[in-house]
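Engineer: Using the sequences plus the hints, can you model the full thing?
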Amino acid sequence: MEAVVKPRTVVQFELNGRARQGYAESRTQLCDFLRHETGATGVHVGCEHGVCGACTVLVDGKAVRSCLMLAVQVQGSRVETVESLADEDLMSDLQQAFRRHHALQCGFCTAGILMSCVDYLEREPEPTETQVRDMLSGHLCRCTGYTGIVRAVLDVAHERKTQQENNNNV
Amino acid sequence: MTIYQSLAVEDRPNRIGARTERVEDEALLRGLGRYGDDVATAPGTLHATVVRSPHAHARILSLNTEKALAMQGVHGVLTGADVARWTAPFAVGVRQPMEHWCVAIDKVRYAGEPVCVVIADNRYLAEDAADAIEVEYETLPVSVDPETAIEDTAPVLHEAVGSNVVNERHFRYGEPEQAFEQAPFRVSLKVKYPRSACTPMECYVVLAHYQSASGTYDVLSNFQGPYALHSVMARALKVSGNCLRLRTPPDSGGSFGIKQGVFPYIVMMGLASRKVGAPVKWVEDRLEHLQAASSATNRVTEIEAAVEPDGRVTALRYDQIDDCGAYLRAPEPATFYRMHGNLTGAYGIRHLLVRNRVVLTNKTPTGLNRGFGGPQVYFALERLMQRIAVELDLDPLEVIRRNLIPAGVFPYQAPAGALLDSGDYPAAVGQAVVDGGLAELLRRRDDARAEGRLYGIGYAAVVEPSISNMGYITAAMTPEERRKAGPKNGAVSTATITVGPLGDVSVHVSSTPQGQGHQTVVAQVVAEVLGVAFASIRVNVELDTQKDAWSIASGNYSSRFAGAVAGTVYRAAVAIRDRMALIAAGQLGVQAEAVRFADGKVFAEGANPMPFHRLAGAAHWAPATLPEHEGGGLRETAFWSPPELTAPGDDDRINSSLCYGFIFDFCGLEIDRVTGEIRLDRYVTMHDAGRLLNPALVDGQVRGAFAQGFGAALMEEFAYGSDGSFLSGTLADYLIPTAPEVIEPVILHMETPSPFTPLGAKGAGEGNNMSTPVCIANAVADALGCDDIRLPLTPSRVRGLIGIDEPEAPEHLKQSAEAPAIPGGSTLQASGSVSIPASPEQVFDSLLDPAVLAVIIPGCHQLELEGENSYCADVTIGVGLIRARFQARVKLSDLEPPHSLCLSGSGNSPMGSAQGRARIRLSSLEDGGTRLDYQYDAAVGGKIAAVGGRMLQGASRVIIGQIFSRLSQQVGGVAPQAGLWLRLKAWLNALISKGDES
Ligand code: FES
Ligand code: FES
Numbered sequence: 001m002e003a004v005v006k007p008r009t010v011v012q013f014e015l016n017g018r019a020r021q022g023y024a025e026s027r028t029q030l031c032d033f034l035r036h037e038t039g040a041t042g043v044h045v046g047c048e049h050g051v052c053g054a055c056t057v058l059v060d061g062k063a064v065r066s067c068l069m070l071a072v073q074v075q076g077s078r079v080e081t082v083e084s085l086a087d088e089d090l091m092s093d094l095q096q097a098f099r100r101h102h103a104l105q106c107g108f109c110t111a112g113i114l115m116s117c118v119d120y121l122e123r124e125p126e127p128t129e130t131q132v133r134d135m136l137s138g139h140l141c142r143c144t145g146y147t148g149i150v151r152a153v154l155d156v157a158h159e160r161k162t163q164q165e166n167n168n169n170v
Numbered sequence: 001m002t003i004y005q006s007l008a009v010e011d012r013p014n015r016i017g018a019r020t021e022r023v024e025d026e027a028l029l030r031g032l033g034r035y036g037d038d039v040a041t042a043p044g045t046l047h048a049t050v051v052r053s054p055h056a057h058a059r060i061l062s063l064n065t066e067k068a069l070a071m072q073g074v075h076g077v078l079t080g081a082d083v084a085r086w087t088a089p090f091a092v093g094v095r096q097p098m099e100h101w102c103v104a105i106d107k108v109r110y111a112g113e114p115v116c117v118v119i120a121d122n123r124y125l126a127e128d129a130a131d132a133i134e135v136e137y138e139t140l141p142v143s144v145d146p147e148t149a150i151e152d153t154a155p156v157l158h159e160a161v162g163s164n165v166v167n168e169r170h171f172r173y174g175e176p177e178q179a180f181e182q183a184p185f186r187v188s189l190k191v192k193y194p195r196s197a198c199t200p201m202e203c204y205v206v207l208a209h210y211q212s213a214s215g216t217y218d219v220l221s222n223f224q225g226p227y228a229l230h231s232v233m234a235r236a237l238k239v240s241g242n243c244l245r246l247r248t249p250p251d252s253g254g255s256f257g258i259k260q261g262v263f264p265y266i267v268m269m270g271l272a273s274r275k276v277g278a279p280v281k282w283v284e285d286r287l288e289h290l291q292a293a294s295s296a297t298n299r300v301t302e303i304e305a306a307v308e309p310d311g312r313v314t315a316l317r318y319d320q321i322d323d324c325g326a327y328l329r330a331p332e333p334a335t336f337y338r339m340h341g342n343l344t345g346a347y348g349i350r351h352l353l354v355r356n357r358v359v360l361t362n363k364t365p366t367g368l369n370r371g372f373g374g375p376q377v378y379f380a381l382e383r384l385m386q387r388i389a390v391e392l393d394l395d396p397l398e399v400i401r402r403n404l405i406p407a408g409v410f411p412y413q414a415p416a417g418a419l420l421d422s423g424d425y426p427a428a429v430g431q432a433v434v435d436g437g438l439a440e441l442l443r444r445r446d447d448a449r450a451e452g453r454l455y456g457i458g459y460a461a462v463v464e465p466s467i468s469n470m471g472y473i474t475a476a477m478t479p480e481e482r483r484k485a486g487p488k489n490g491a492v493s494t495a496t497i498t499v500g501p502l503g504d505v506s507v508h509v510s511s512t513p514q515g516q517g518h519q520t521v522v523a524q525v526v527a528e529v530l531g532v533a534f535a536s537i538r539v540n541v542e543l544d545t546q547k548d549a550w551s552i553a554s555g556n557y558s559s560r561f562a563g564a565v566a567g568t569v570y571r572a573a574v575a576i577r578d579r580m581a582l583i584a585a586g587q588l589g590v591q592a593e594a595v596r597f598a599d600g601k602v603f604a605e606g607a608n609p610m611p612f613h614r615l616a617g618a619a620h621w622a623p624a625t626l627p628e629h630e631g632g633g634l635r636e637t638a639f640w641s642p643p644e645l646t647a648p649g650d651d652d653r654i655n656s657s658l659c660y661g662f663i664f665d666f667c668g669l670e671i672d673r674v675t676g677e678i679r680l681d682r683y684v685t686m687h688d689a690g691r692l693l694n695p696a697l698v699d700g701q702v703r704g705a706f707a708q709g710f711g712a713a714l715m716e717e718f719a720y721g722s723d724g725s726f727l728s729g730t731l732a733d734y735l736i737p738t739a740p741e742v743i744e745p746v747i748l749h750m751e752t753p754s755p756f757t758p759l760g761a762k763g764a765g766e767g768n769n770m771s772t773p774v775c776i777a778n779a780v781a782d783a784l785g786c787d788d789i790r791l792p793l794t795p796s797r798v799r800g801l802i803g804i805d806e807p808e809a810p811e812h813l814k815q816s817a818e819a820p821a822i823p824g825g826s827t828l829q830a831s832g833s834v835s836i837p838a839s840p841e842q843v844f845d846s847l848l849d850p851a852v853l854a855v856i857i858p859g860c861h862q863l864e865l866e867g868e869n870s871y872c873a874d875v876t877i878g879v880g881l882i883r884a885r886f887q888a889r890v891k892l893s894d895l896e897p898p899h900s901l902c903l904s905g906s907g908n909s910p911m912g913s914a915q916g917r918a919r920i921r922l923s924s925l926e927d928g929g930t931r932l933d934y935q936y937d938a939a940v941g942g943k944i945a946a947v948g949g950r951m952l953q954g955a956s957r958v959i960i961g962q963i964f965s966r967l968s969q970q971v972g973g974v975a976p977q978a979g980l981w982l983r984l985k986a987w988l989n990a991l992i993s994k995g996d997e998s
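Residue numbers (my numbering), protein chains in the order written: chain A, 1 to 170; chain B, 1 to 998.
Keep in mind the hints are simulated off the structure, nothing from the lab. Do not rely on the hints blindly, as some may be mistaken.
Chain A stretches covered by chain B per the calculated footprint, using a threshold of three residues with CB under 8 Å from any CB of chain B [unchecked claim]:
| no. | segment |
| --- | --- |
| 1 | 47-61 |
| 2 | 69-83 |
| 3 | 103-109 |
| 4 | 152-166 |
As the structure is a computational prediction, the values presented were derived from the model and not from experiment. Note that beta-carbon positions come from the ideal geometry of N, C-alpha and C, so glycine has one too.
Structural biologist: In structure tokens:
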């Protein structure tokens, strides 16, 4: 009989701007920890082997697959999930663009894609369509055929640029 | 029937026909959707994991749960014995002595079949304990390929049936024999449609709670219907329908038909909950999903046409074999009969001969998958039309055009019984050719060919059925059997509208959407009829079989939403409006017919407008003031079943669907001569799906279906080994199109309203799953001038079609040309050699020494002598991420000291099985050392084969290499000489080449 009680660690970290803590075994995947321990059910699990991208979150500002990380690895880190993107009454420009361009159907892939886009647009504010498609190659969406997603990302990039130019002109 | 008359839509935002943005999106974008795995669970909910068979066909000799039950946090194990005690086998659509249970009882018939369920405090602990379950199997020969499975000599899956062919039907419409006899030409083709599936991103979820006080199973699952399966589940559980309360969560992460196949798990988890006396939750993982959830039916078709010199087809003959996997799981063999009425497609062919055979093989049971039956039929029919053009030297588009059903003959009855409701096929083709720019593509093809490039154009004309007749499946029975069983027909839709005391409007539909935006469209319809603000309407799409109006036809399949469900919503809304008009007429002092609803108000000429909420309030707050016969309260449930959906007649004609849309696709593509890669240049898709209720959402459906059709054409296939092991267990093995591959299709529309649905709408969700695979295949056939096109058209397959010989493998990677000695899912072969600084006698003797053996086998924890030169070993082997502990048998045989021997091993682990055999030859070297040559065959099955396929070749090489380098170390006390010699050789080579340079 293997009655080994698996030791659990307290993981302290920042989740969507707030200090949080929860218990994890050393083997607990980050996605499971975020969903079950902290209630961040916006994090979706589509494959658990790093291919589909549904579980993507930001750890210290970088997009990572939470199914390929252990919960204990975010000790002391800053984690952002899709729940962080909107404020109470207004969705972010990216989220709004997704709605405008019918970039989601079932929405299961969407959270991960949004998080990748947040990180990506930060690094590459003026991407071409090919670049956007390349960036999206790390995500699987079974519903949309990707058109709406690509359009939404390009649209937001364009919007932000125009806005910035306007600001500069003022 | 009240039929909706459309008005111009430009200035009517959020009404029928508008491109309204979705009401679903806000919650989903904020991460606040509530999918199956997000729904709150009761305190004390336990978690299940399913232990599955690593073998495709085996008898279960014993199942030992003792060790697992003793483990921490484990509450119980549901076994076949429990299942046999508490349930009945699932009902099957044909009369055959076959038993399908939710957990295997005595035999497993496909790799991944459930053999027991472990229930523990959490999923991690359940999986730990699953590894400790001991199952002893006696493997049996397998039937994997449908064409060999039908032969008399094939291993039989269900002994009581005595054959793998579990259903065969012949159909004859018109005078086909005569037409074939008189035809100046006959063109025939044999095609195979592979296994693939639309694999939703969210897998199955079941949360079950057995209520022992009432004997009720209360289950929440992301099941998608059809709810006819509710009866199948209740029967299996041996309870009345009202003792299986089935609910769906608010959101579902896609389905595309696949979540029909969750129903055996609903039964299974109900039992698991009963076993442990607590709520039980199970979330399927991706490997389970790919391997064992469901799949489109693979089909072998021989199709033949009787053809006039101008390409006109006078008769068709189909000989079809459907491979439904190991069990005929309901609603199979529906893949055949969903399309039966419209087997002649978009063509005016009057004579038809059909033979349908259903065969069972050692593969995962098949089921609904977007396009259901369509991709298979059109892959044969439209490939045939292309062949006719080639063989008669005609333009393929001209062949299609000459055969199209002409305009003005609708509703048109096709020979097998489909009553094609509306359309103008020639006009749709004409418009697509112009608006889609066919002329330009043809020019591009000319230019490309002039430059010696491979460019092809393909076409497909397809009738897209929607709103299935619940009686079509009975076409699998003979008219006599049908008479005995009683008629089945129709398709009942339901919708409930409630107007609350504050004038708020709530709607419920039993359409279980999985991302199609039903809530949005329902709100558009209701907003239009009741004239209230779109944003004020709440639409609930959760289904609770204990409280909601539903029917056996409920659910999300056969593209039934737009035509049937939205139509029923319209009828319910009209019913509520008519009642409210009567109430308003009394209050305004006008005739009910004069009352109009718009802008949140109620109008009548000559009276002051009244706010909608005031009128609604009257029905709740002051029922005594209402007209006679008006009972107060405002709720209407509409049920609607179209009369056109009749049962199959004695002549076997069946109107298998209510609506038939039309699709015409063409595409241009280029093939890379070197890599075999296909690049789609343009894809044009013209749809006539009747009236469009929300064109933006229809376009979304078209794009999604196109991407899936694209995947089926070029990338996706569930691969099986010759031993039936499943080889596509990860999303790195089963390739789904990503954004860089998929292009944006040119989408065109025509609207010919259906006369049979309340809003004139037809289904539009599945068309491209039917048309796109064959359209792309036809373009490849055109580009390469070949006729035997198999899907998926992967680069390596295309290179084969082009006739490119693969370059020879480098010497050290060569496989032996002999057939593998061990049949298996992943068969591995390689050879190598090492030099050992010891005599052959010494080497030979140490191989027979258990102490040495224990050291040289990588990952060997323990080795015990079992008999002469045979051992029982405990070995951990890792392939990539996977690490598995094997209970292995190691044997030395064919001993010819000191020249040769054979080292073989076989083992089982929770991750699968492995067996291998290495032939070892020893020869003495001049320096007194030994050269050891080895050649091995190995085969793996189960999970390792499913998820590790890409890594196995390399991993096996490393592991085997380790054995002999360790041997060298053991015997000679030094690292193997091969390395030293190689280094020396490299040094020498370097010296020589330097010499050349100088
Ligand atoms: S769940 Fe993490 S990549 Fe698929
Ligand atoms: S919207 Fe369903 S998977 Fe992307």
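Engineer: Three residues or more, CB to CB closer than 8 Å: is that satisfied between the segment 69-83 of chain A and chain B?
Structural biologist: holds (count 3)
Engineer: Can the segment 103-109 of chain A be counted as covered by chain B under the rule of three residues or more with Cβ-Cβ separation shorter than 8 Å?
Structural biologist: holds (count 6)
Engineer: Can you confirm whether chain B covers the segment 152-166 of chain A, using C-beta to C-beta distances below 8 Å and requiring at least three such residues?
Structural biologist: Since three or more residues must qualify, the claim that chain B covers the segment 152-166 of chain A is violated, with 0 doing so at under 8 Å.
Engineer: Using C-beta distances, would you say chain B covers the segment 47-61 of chain A, given that this needs three or more residues below 8 Å?
Structural biologist: Since 6 is at least three, the answer is holds.
Checked against the numbered hints listed earlier, the structure breaks hint 4 alone; every other hint is satisfied.
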